[in-house]
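Asker: As a plain string of letters, each chain reads:
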Amino acid sequence: MCEWCFKHGDGGKWYNNARLYRNELADEYNCSEYLEEQWKNMETLFIRKIMGFNSIGLGYKMKMPIIGKVIRKVVEGQIHSEKKNRNPVRADGHFGQVLPLEDAQHIIGNLAAEPIIKNYCVCRWMQRGVKDAVCINFGQLSEVIEKHTRYIPEGVKYKLDREEAIQALQEQNEKGYIASVWFQPVPYINAICSCETPECGGLRLRNDFDLRTVYKGEYVIDIDIDNCQGCKSCVSMCQFNALRYLPSIKRVIVDLDKCFGCGVCRHACKHDALNLVPREDVPGQAGKY
Amino acid sequence: MVKKTKIMVDHSKCHTGASTDPRDCRKCLFVCDPAVFLMHPTLEDHPDPHNPEIWRIDPIWLSKCTGCMKCVEVCPEQAITVVPGVTLHEMKAR
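Sequence lines, in order, name chains A and B.
With this note's numbering applied, the first sequence corresponds to residues 472 to 760, in that order.
With this note's numbering applied, the second sequence corresponds to residues 1017 to 1110, in that order.
Same shape as in the complex, but just chain A (with noise of 0.2 Å):
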């Protein structure tokens, strides 16, 4: 349980509480209006000037002496922002967390408000140059997307019942990609994305700059060595850089530190080595999120 399963979740997970799906909830935060202006805008996010800085040559700004500590503090500000007069057009109040495929099924079939659409990740074709319509949507995100057609898979059938939305999540697991829930803004849950770094923005800004825009999931991974064979499989999946493998004890290494829980590599292990546990049982990774 992190910080934002506290404030908002209600007693339990924050993306496990069904009222932060709720049209009204959205409707109260005039979240439609902020989508809106949000998803026009959603490419020129990183070269957009906020208070006279973009994001061109981030890490170098974020290095310089005093300086880089003020971007720090004011942009997770602007990340976490709760205030009333967020600016859509610098995605205010937008981050999320790295889920399991289970937990994301969950969502998508108990929790999600309808409608539900799939459409084309934005980072990955404005960072990558491809199309790749994996992206989730939900209640009044979809409505909003739908008005805007460079978004909207071509030739497919892109609005999905529950049972499709949670076979496409499946599909996009057990191809490497990360599924991650998101606030947008927060508190309105609106989107379930599957992510591949380095193109991913939110990703990207924790990954590289320690921003937190995504925090790591509620688990770790679990090595049981007993079981591990040494076939490596799993080293291929991970998009951390958390898993390694040892010639001299024939087996894989995990650094917990860089393991985010997303359990993509449990896909790739015929030997059932790979578990989730939660990250609050393993005393030094508890409340690292």
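Read the hints as simulated data drawn from the structure, not as lab findings.
Nothing here was measured: the structure is a model prediction, and the numbers come from that model.
Among the clues, some could well be false.
Said to hold, decoys possible - Stretch-level coverage of chain A by chain B, calculated; a stretch enters the list once three of its residues show a Cβ under 8 Å from a Cβ in chain B:
(1) 477–484
(2) 514–525
(3) 597–607
(4) 611–625
The beta-carbon is built from N, C-alpha and C at its ideal position, and this holds for glycine as well.
Got chain A sorted already, so can you dock chain B onto it with the hints?
Answerer: For chain B alone, coordinates are given in the frame of chain A:
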């Protein structure tokens, strides 16, 4: 002072309407392993934000550039220049 990586994209060669439209080309986006480049609608000419027509490619994550020069080689318009500098990885190790 750290020596920053410099990447210049000559927008007189790479732009919507040129012989190779950035939206159709996207070769630099594809070859760049750390995904340094970003393709985006221009902020100035934004007649229809629902369906923008004019797109540009700009380098964004300069500190992630490892100086492999693949983008320079692949660009059909020779529009990209790279001057490698210190990477984010090196800065973190210090």
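Asker: Confirm or reject each hint.
Answerer: Checked hints:
Only residues whose C-beta sits within less than 8 Å of a C-beta in chain B count toward coverage, and the stretch 477–484 of chain A has 0 of them, not enough to reach three; the restraint is violated. Requiring three or more residues with a Cβ within less than 8 Å of a Cβ of chain B, the coverage given for the stretch 514–525 of chain A holds, as 5 such residues are present. By the rule of at least three residues with a Cβ nearer than 8 Å to a Cβ of chain B, the coverage given for the stretch 597–607 of chain A holds, with 5 such residues. Interface restraint, the stretch 611–625 of chain A with chain B: holds (4 residues with C-beta to C-beta distance below 8 Å; minimum three).
The structure is inconsistent with hint 1 alone, although it conforms to all the rest.
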